[in-house]
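These protein sequences, in sequence, are chains A and B. Under my numbering, the first residue of the first sequence is numbered 1, with each subsequent residue one higher. Under my numbering, the first residue of the second sequence is numbered 1, with each subsequent residue one higher.
Any given hint could turn out to be false.
[Stated by the list, open to error] Take a look, some chain B residues computed to stay more than 12 Å from chain A by CB distance: (1) V10; (2) L15; (3) L17; (4) F31; (5) N106; (6) F109; (7) V117; (8) K144; (9) S153; (10) L155; (11) T160; (12) S164.
[Unchecked claim] Computed Cβ-Cβ distance ranges for the label pairs, DEER-style: (13) A/V25 / B/I13: 21 to 29 Å; (14) A/T207 / B/N27: 22 to 30 Å; (15) A/K204 / B/F12: 28 to 36 Å; (16) B/N47 / A/V25: 26 to 34 Å; (17) B/F12 / A/L15: 18 to 26 Å.
Keep in mind that the hints were calculated from the coordinates and are not lab data. A virtual CB, placed ideally from N, CA and C, is assigned to each residue, including glycine.
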Amino acid sequence: MQQIIKFFLRNKTFLLYVFLLFIAVVFTIQSHSYHKSKFINSANYVTGGIYNSVNNLSLYFNLESQNLLLQEENARLHSLLSTPNYSTSLSFISDSIYSGISYKFTPAQVIKNSYSVKNNILLINRGKRDSIKQDFGVITPKGLLGIVDQRSNKFATVLSILNTNIKISAQLKNTNHFGSLMWDTKSPQVVQLNEISKIAPLKKGDTIVTSGRSVIFPKGIPVGTIQDFRLDSAENFYTIDVKLFNDMTNIEYVYIIENVDKTEINSLLKPSNE
Amino acid sequence: MNNNVLSYSVQFIVLVLAQVLVLNNINFLGFINPYLYVIFILLFPINNNRLVFLMLSFALGLTIDIFSDSGGIHAAAALTITFIRPLVLKFCFGSVYEHNTIKFKNVDFGAKVIYFVILIVIHHFILFALEIFNLKDIILVLQKTLFSSIFTSILCLIATILFSRKT
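Chain A with its partners taken away, still in its complex shape:
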């Protein structure tokens, strides 16, 4: 027994080092898997507060470009509204319980952006008290941004599309061929759309939108345009380089999307026990 205690005392520096290194590696591995970084994230009172107050200052420097973005979005929505045969409710149900809305949008502000590392995570100023939950989608006025990950009372982290841990289902706008969006970490302007079938008609400049196959994003959120495409090594599927509509380095105002019917859809999709 005495020998063991002596051993510990003699090697206490090394043992402490190994112990702390183990903790650090565990945190690192957690950060490399989806929705696992529970303890180490910037959505907490201190870091969120500091980023928020700094963002309140830096906000003024890009007001002009952000205003232009919002104006562009308004113009697009106006033109949609004045299109004569555009109607939001094709099958209107007159019922006070059924509201006809299946997606709720919450405006938010990005207070910390990141685009240069492998797993980019953003911080937004909405959290539990705004009833934001994990797996809500986040979009900008121009297109897709990411998925909500961890949250505190006032803040939430968003896994950006520039993150190797997430896959988002997307499709071609003019046909229904779909695949999954991933990022190869090369450029913050370009993401990859994989598993598009070989027979899909592709042209450079075609638009890619979200497919609505997952319960996170509605169908038709713009993602980007085809920059380049090639067949994969097995020659069965296309890999497409998609140039994003968003400028990922300049993001301020975003919308959080909540799918109201999510629990219902999930319970339907869940394989029944029988």
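Dock chain B against the given chain A, drawing on the hints supplied.
Just chain B, lined up with the frame of chain A:
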């Protein structure tokens, strides 16, 4: 003693804030960032309690990690250079270190540069290896280590020259 604790706490906070609010957003040529906070570990007094020093550097790394949502990569890298610092000190300064009379203010400049560069390269290699976490991209790890190390080393040397108190 109290004065020392206070001055190191201020240094800790200032370095963390400078790192997360300014230096993490430089992105020179797309991905090159300096990690100036390692200077806290590089210039920490020699005659210290090693256990306290290990825990301090772990806390420093973890604080940076929490701010930048990076898991535990900074903590692991900072911890490792803290652990191997005595070896590198012995290698760079030799007898001066053995006699425990070392003062960073008045050591040979060349030896100091070598000491800085060795620890910074090790720190950055561990940092990027854990960040990228994939053996396939080892070239990318080495590339990032090289460029960021140059950047950090220059910044650390400038900082030591600027903030060294002439007494």
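Status of the hints after comparison with the structure:
no. : hint                       : result
1   : V10                        : 16 Å, holds
2   : L15                        : 14 Å, holds
3   : L17                        : 8 Å, violated
4   : F31                        : 5 Å, violated
5   : N106                       : 28 Å, holds
6   : F109                       : 30 Å, holds
7   : V117                       : 23 Å, holds
8   : K144                       : 10 Å, violated
9   : S153                       : 20 Å, holds
10  : L155                       : 17 Å, holds
11  : T160                       : 26 Å, holds
12  : S164                       : 29 Å, holds
13  : A/V25 / B/I13: 21 to 29 Å  : 26 Å, holds
14  : A/T207 / B/N27: 22 to 30 Å : 29 Å, holds
15  : A/K204 / B/F12: 28 to 36 Å : 52 Å, violated
16  : B/N47 / A/V25: 26 to 34 Å  : 30 Å, holds
17  : B/F12 / A/L15: 18 to 26 Å  : 25 Å, holds
Violated hints, listed in ascending order, are 3, 4, 8, 15; each of the other numbered hints is respected by the structure.
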